[in-house]
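K.L.:
Given the structure of chain A, go ahead and fit chains B, C and D onto it with the hints provided.
Number of protein chains: 4
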Amino acid sequence: MGLPMSSNLQRKGFDLNVFDLDAGRMDQLAALGARKAASIADAARGADVVVTMLPATPHVEAVVLGADGVLANIDAGAVLMDMSTIDANGTDRVARACAERGIAFTDCPVGRLVLHAERGESLFMVGADDPTFDRVKPLLDAMGTAIHRCGAPGMGSRMKVINNFLLLTVAEVCAEAIALGTKLGLDIETMRDVTGATTAQNGQLHTLMVNKVLKGDVTPGFTIDLAFKDMSLAMTAAAEQRIGLPVGAAAHAVFGGARATDFATKDYSALLDFACERAGIAPPRLKA
Amino acid sequence: MGLPMSSNLQRKGFDLNVFDLDAGRMDQLAALGARKAASIADAARGADVVVTMLPATPHVEAVVLGADGVLANIDAGAVLMDMSTIDANGTDRVARACAERGIAFTDCPVGRLVLHAERGESLFMVGADDPTFDRVKPLLDAMGTAIHRCGAPGMGSRMKVINNFLLLTVAEVCAEAIALGTKLGLDIETMRDVTGATTAQNGQLHTLMVNKVLKGDVTPGFTIDLAFKDMSLAMTAAAEQRIGLPVGAAAHAVFGGARATDFATKDYSALLDFACERAGIAPPRLKA
Amino acid sequence: MGLPMSSNLQRKGFDLNVFDLDAGRMDQLAALGARKAASIADAARGADVVVTMLPATPHVEAVVLGADGVLANIDAGAVLMDMSTIDANGTDRVARACAERGIAFTDCPVGRLVLHAERGESLFMVGADDPTFDRVKPLLDAMGTAIHRCGAPGMGSRMKVINNFLLLTVAEVCAEAIALGTKLGLDIETMRDVTGATTAQNGQLHTLMVNKVLKGDVTPGFTIDLAFKDMSLAMTAAAEQRIGLPVGAAAHAVFGGARATDFATKDYSALLDFACERAGIAPPRLKA
Amino acid sequence: MGLPMSSNLQRKGFDLNVFDLDAGRMDQLAALGARKAASIADAARGADVVVTMLPATPHVEAVVLGADGVLANIDAGAVLMDMSTIDANGTDRVARACAERGIAFTDCPVGRLVLHAERGESLFMVGADDPTFDRVKPLLDAMGTAIHRCGAPGMGSRMKVINNFLLLTVAEVCAEAIALGTKLGLDIETMRDVTGATTAQNGQLHTLMVNKVLKGDVTPGFTIDLAFKDMSLAMTAAAEQRIGLPVGAAAHAVFGGARATDFATKDYSALLDFACERAGIAPPRLKA
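Protein chains in written order, with this note's numbering: chain A, 1 to 288; chain B, 1 to 288; chain C, 1 to 288; chain D, 1 to 288.
FYI, nobody ran anything at the bench for these hints, they're computed from the structure.
Errors might be hidden in some of the hints.
What the hints assert, rightly or not - Simulated DEER-style distance windows between Cβ atoms:
| # | chain 1 | residue 1 | chain 2 | residue 2 | range |
| --- | --- | --- | --- | --- | --- |
| 1 | C | P138 | B | P55 | 42 to 52 angstroms |
| 2 | C | A99 | B | V114 | 40 to 50 angstroms |
| 3 | C | R285 | B | D92 | 37 to 47 angstroms |
Note that CB positions come from ideal geometry on N, CA and C, so glycine has one too.
If we strip away everything but chain A, and leave its shape as in the complex, we get (with noise of 0.2 angstroms):
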């Protein structure tokens, strides 16, 4: 998701300095006018602004706060904005070592999908002060088109956490319902319409399933795999915050029997399927 972000970036404007161990996307961010640097420090140092979109909370937190990482070289009044999808408390780390050595920091995870990305129709969690997000609002702008303010630094990934757990135990419970409405005779189409004029309306089964699974594509947009750590952040995070979630248990724990099998690899939406697979019976899908 970095490349096309940066894409953008490049393209209204920013003056970007890249840097990826895959030398491929470098070549495209440089064929668009982008400098490309030799190394993280070379790509931290003298900039105003510091992007991070990176994997997991190990790769921040090493690019950052690593021997010759962002922090070792960024300047005195610079901003970090780490844009990755990450464990809060990875982000509470970073936010203090930068709060230490006088760096603006901000969290802005991205809330859509690669697609949206491509167009500059990105949604962004951000946790920032005033003046943090002052700077950094132009290039949120250059990249999407929804820029949400959750709280202080940290709140923009405790904001991910929360909107992934909520659609990806929605994703189940619309697994479990169309699985269960299929066996007992009913049409897809008629599930998805008459659910779709009702309050039982929603983005994972109206919006997802039927251009994904529903369709019969699996592609993992979003593996379960990656769809189960998201899970695990959220259960991690009831477990610290001392509240119990016996519904999200139950999905963390269908996700983590996903994973056992082929599905780990399959797109998310394909819960559909493995839930139809446990019942006997075909997975529905649309008519052309």
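P.N.:
Showing chains B, C and D alone in chain A's frame:
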């Protein structure tokens, strides 16, 4: 819900012959021009279409199959349309009894709220063959705006079970997500807005809860007690169909636990308050 | 189970008048000296104690309350002892019908296996008042070694529901623990021995499973299908009592899922194999 | 638990060199003849076997792997025996560090209670190769009566996770069964006796609960908070192993919910009281 529905029928030119144990309701319909029947038998005799709208399966079976009930009195060429929300096996028994006597039958449970019924904007889930559907369609058009054909007789009841299972389980998922987010320090407005702009969007949080519990209104539109009964219909159907619903079962248990408390008679959107109570936090409310 | 129980009664000097739809079973008892009755009515008339042992609630209600059933033919001073495992509400209905006619009633479901019944070593859970208990005690002594008084009529059935809920849910817990341990590389012998020597010890793993599934024997002593029905009795009782059973609900869903597969007709100790199948591992077996 | 264990060692002729942050405990052992070490390094140097017994994974890693810790000071031919209950991945890291330096290592977590440790009746779950096991066996014999070899280093920790997952989940099952039975009107004595005489029998109800919560004693032998952490070890192991534990997940969520309340610091047998509180009933107690 029977009163606003029959009021619409009478107002739009249908000639009603009504019977209800509550004389007051019959008077209201008589004021609109309906004839007050003296008994179930009197209401059934001579009608083109007999409409039943009753609380639960035993009422429907008693009224339709009872000694001096509908089937004992209905005209040979008439249609029986049951609009109650009942167990699909009950619907099947009624349908079979009608078939044995050559009476056309359709099940048409209603999928929206009283306020929609008042405006003639109800949604119907129709189990019927084509000729029977054609005969009742003018009545449905007079009462609602969304007519969904779900298959043969009995499939309307099945669709209703799935629809309510889906929306009720999603409601509990929303309750857990918001309780956790609140404990993590997120504002309810932020959670509403962010989840509303991603595929986490759903009718329970963004239509129901924002208008009920999140405004502090838990007066019952649909009580947790009734919601539990609908969840039980789904769990029973799952048992009959030999399909495990792990997340549904967890949600059913939560509704079951809520019924042990004062929450039993509150609106089911109060699942949020129940989750917050268990978590030891004040439930969030939207700012006015 | 009725055959070994009545065989013990006949052998130990009670004078039986037996009726069964299966003539072969009546012949076996006749060979021991029992009289073969021509009908339910014939079996009931003139008896001091009428014992019923039937598969499920509807059979008991039909045999006892039916037109030419037990209650229509039983002597005024006789006792009805129902030893079937049925829904406690069914027991209550039978008990009320007896009370209305002045017939003494007791429910005595059986808590061990066929092999115990054969040896006259059954366990009984008795719901009865004192005089009725005194009258049936000699029969219970002839059939079993453990007699537990559980309270008034109906409490025997309730105790049976709790007992089976507890043991069936523990069985699934054992299945999950062993499946996880197996995946972690632990030997089944090690797991059996260690857990058997701590408070993790339990009759499902250390008595049932070591003698059934862990020896590769999943021939049905008690099928998953029947186990599901017993779990359903508990979940229904929980619903009536307004009590949420989150772990029970999860276990009920697992039994429900197992019923969708070939496991339906296997011994319920095969829950272990079901858990291993879902985990993608070979189920452990004890070395001979 | 370290104090009674080392007291037994010293009393039975082993020559201890002890270190603890709590000077009082060292004094108690010195009174039995042990030498008080000045530091971890001082305790490790010159020993044949170094025994660690610490609260959690980070403590073990700090004490063993830290700058002036055990590995930096242990003799070349010595054995490190860790008896702490920790995450198996932590055990593996310590085992690897030992292997790299040629130090023999064994993990031997303890499976019974403080009262057993005091009597020298502990149970051990040993992960070790044969030569290492032979060297520590005399110490284990001095401290306990049940020694279970579980496999290579690391398997002791894994066995402990399984053992505690099993007993803790069974405890919650018992809590639900007894809460439901109580609400159905059954006496606790009846439930204890009947379930104790069938395969529903288990160490949680029939050994733990009858001696703790059912006597009104919920002073912590093992708190719900600690129990939650052990459940979390199992759930994390399940996640790593890609195995879904639906009933375990539900139980984990119950422990998680109990931690949000005053129950956090009570003995985990108080799960029964937690279940009864949610059900709105007084928890049962055995008659004196």
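K.L.:
Look at the Cβ atoms of C:R285 and B:D92 and judge whether their distance stays inside 37 to 47 angstroms.
P.N.:
Hint holds: Cβ distance 45 angstroms, inside 37 to 47 angstroms.
K.L.:
Range first: 40 to 50 angstroms. Now tell me if the beta carbons of C:A99 and B:V114 are that far apart.
P.N.:
44 angstroms, holds
K.L.:
Take a look at whether the Cβ-Cβ distance between C:P138 and B:P55 falls inside 42 to 52 angstroms.
P.N.:
50 angstroms, holds
In terms of the numbered hints stated before, the structure departs from none.
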